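Every letter in the sequence shown is one number past the one before it in our numbering, and letter 59, counting from 1, is 60.
A couple of the hints might just be wrong.
Here are the simulated DSBU-like pairs of lysine-lysine, each with C-alpha atoms no more than 30 angstroms apart in a straight line [claimed, not checked]:
{"hint": "1", "residue 1": "Lys169", "residue 2": "Lys5"}
{"hint": "2", "residue 1": "Lys5", "residue 2": "Lys79"}
{"hint": "3", "residue 1": "Lys169", "residue 2": "Lys79"}
Just the calculated beta-carbon pair ranges, DEER-fashion [what the hints assert, rightly or not]:
{"hint": "4", "residue 1": "Gln172", "residue 2": "Phe201", "range": "38 to 44 angstroms"}
{"hint": "5", "residue 1": "Ser188", "residue 2": "Ser91", "range": "44 to 50 angstroms"}
{"hint": "6", "residue 1": "Ile21", "residue 2": "Asn175", "range": "20 to 26 angstroms"}
{"hint": "7", "residue 1": "Glu204", "residue 2": "Arg101", "range": "33 to 39 angstroms"}
{"hint": "8", "residue 1": "Gly114", "residue 2": "Lys30", "range": "35 to 41 angstroms"}
{"hint": "9", "residue 1": "Gly114", "residue 2": "Ser188", "range": "23 to 29 angstroms"}
{"hint": "10", "residue 1": "Asp11", "residue 2": "Arg180", "range": "24 to 30 angstroms"}
{"hint": "11", "residue 1": "Thr15", "residue 2": "Arg197", "range": "16 to 22 angstroms"}
{"hint": "12", "residue 1": "Tyr184", "residue 2": "Arg57", "range": "32 to 38 angstroms"}
{"hint": "13", "residue 1": "Thr27", "residue 2": "Gln116", "range": "21 to 27 angstroms"}
{"hint": "14", "residue 1": "Ser185", "residue 2": "Pro39", "range": "31 to 37 angstroms"}
{"hint": "15", "residue 1": "Asp121", "residue 2": "Arg142", "range": "29 to 35 angstroms"}
{"hint": "16", "residue 1": "Asp11", "residue 2": "Ala90", "range": "35 to 41 angstroms"}
The hints are simulated quantities; they were obtained by calculation from the structure and are not laboratory data. Model, not experiment: these values are computed from the prediction. We put the beta carbon where it would ideally sit given N, CA and C, even for glycine.
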Amino acid sequence: MRRKRARREDLGLTRAEFAILKRLNTPQKIQLFVNAIPANHEIGGETILSLRQVLRQRRAHCIEGAFVAACALWIHGKPPLVMFMDCDASDFPHVLALFRGGRHWGAISKHNGAQLRYRDPVYRSLRELAMSYFHEYFDKRGRKTLRSYSGAFDLRRIDPTLWVTSEKACQEVNDRLTRLRRYSLVSSNQARLLSRRDNFEREAAKLVQYPRATPPAWRG
Numbered sequence: 002m003r004r005k006r007a008r009r010e011d012l013g014l015t016r017a018e019f020a021i022l023k024r025l026n027t028p029q030k031i032q033l034f035v036n037a038i039p040a041n042h043e044i045g046g047e048t049i050l051s052l053r054q055v056l057r058q059r060r061a062h063c064i065e066g067a068f069v070a071a072c073a074l075w076i077h078g079k080p081p082l083v084m085f086m087d088c089d090a091s092d093f094p095h096v097l098a099l100f101r102g103g104r105h106w107g108a109i110s111k112h113n114g115a116q117l118r119y120r121d122p123v124y125r126s127l128r129e130l131a132m133s134y135f136h137e138y139f140d141k142r143g144r145k146t147l148r149s150y151s152g153a154f155d156l157r158r159i160d161p162t163l164w165v166t167s168e169k170a171c172q173e174v175n176d177r178l179t180r181l182r183r184y185s186l187v188s189s190n191q192a193r194l195l196s197r198r199d200n201f202e203r204e205a206a207k208l209v210q211y212p213r214a215t216p217p218a219w220r221g
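Use the sequences and the hints to build the structure in full.
As structure tokens, this is what we get:
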């Protein structure tokens with residue numbers, strides 16, 4: 002379904018669900034809404050929640066937040082684009098929702114810390130955008146782990162029942178994203194020479210919005 006502006010009946014959303022997203026008419030509003038969703042710590046096991054499940058369960062991690070953001074953009078006439086960023090085996094991949102401001106790229110991102118969040122549309126290419134996350138993308142030992150990024154993937158290529166309203170894990174969509182062609186950000190020689198984040202930086206990065214032990218109440 003390639004409709005430019007998604008209608009409620011196209012998405013299969015209830016009136017209440019659609020109304021929540023309809024209010025989010027700028028990327029900034031979408032990011033603030035995504036920030037306000039408590040972090041999904043996957044306490045009961047790994048999840049890949051659809052947009053509907055996120056609204057119902059009131060929790061999200063990166064790909065789940067990307068579904069919310071992409072759908073909100075689509076409702077307001079912007080293509081529901083996402084980008085997959087991959088890393089080395091010591092860390093976790095990340096998924097962003099993409100948008101454009103003129104000829105430049107920006108991103109909406111769900112992250113429990115302060116580092117991997119919103120990016121204003123000032124980046125001339127997706128590589129530039131991905132590199133804006135490079136220094137802050139590191140593992141518990143302070144090693145910078147971001148290695149590659151995908152092109153922009155249009156979620157209109159996938160049936161909304163698989164990522165907007167699915168009651169099951171959105172595994173098919175996740176698998177599709179992990180199979181996308183990726184473009185290297187650093188060479189193997191460059192990766193070997195990367196400096197580690199120092200102790201001060203690592204301590205500062207431990208600050209999170211939603212601590213695991215005390216999930217906050219949330220209102221959509």
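So, going through the hints one by one against the coordinates:
Note on Lys169 and Lys5: the hinted pairing holds, with a Cα-Cα distance of about 26 angstroms set against a maximum of 30 angstroms. For a cut-off of 30 angstroms, the pair hint linking Lys5 to Lys79 stands: about 7 angstroms separates their Cα positions. The straight-line distance between the Cα atoms of Lys169 and Lys79 is roughly 26 angstroms, inside the 30 angstroms bound, and the hint therefore holds. Range check, Gln172 to Phe201: Cβ separation about 39 angstroms, and the 38 to 44 angstroms hint holds.
For the hinted restraint 44 to 50 angstroms between Ser188 and Ser91, the CB-CB distance of approximately 19 angstroms leaves it violated. In this structure, Ile21 and Asn175 meet the distance hint of 20 to 26 angstroms, their C-beta atoms being roughly 24 angstroms apart. Hint check: Glu204 to Arg101, Cβ distance near 36 angstroms, so the stated range 33 to 39 angstroms holds. At about 21 angstroms, the beta-carbon gap between Gly114 and Lys30 misses the expected band of 35 to 41 angstroms.
A C-beta distance of roughly 27 angstroms is found between Gly114 and Ser188, which places it inside the suggested range of 23 to 29 angstroms. Take Asp11 and Arg180: their Cβ atoms lie about 26 angstroms apart, and the range 24 to 30 angstroms holds. For Thr15 and Arg197, the hinted distance range of 16 to 22 angstroms is not satisfied, since their beta carbons lie about 48 angstroms from each other. At about 36 angstroms, the CB distance of Tyr184 to Arg57 agrees with the hint of 32 to 38 angstroms.
For the pair Thr27 and Gln116, the beta carbons lie near 23 angstroms from each other, so the given range of 21 to 27 angstroms is met. Judged by the Cβ atoms, the range 31 to 37 angstroms given for Ser185 and Pro39 holds: they are separated by roughly 34 angstroms. Between Asp121 and Arg142 the beta carbons are some 30 angstroms apart, a value that agrees with the proposed interval 29 to 35 angstroms. For Asp11 and Ala90, the Cβ-Cβ distance of about 39 angstroms falls inside the hinted range of 35 to 41 angstroms, so the restraint holds.
Hint violations for this structure: numbers 5, 8, 11, all remaining hints satisfied.
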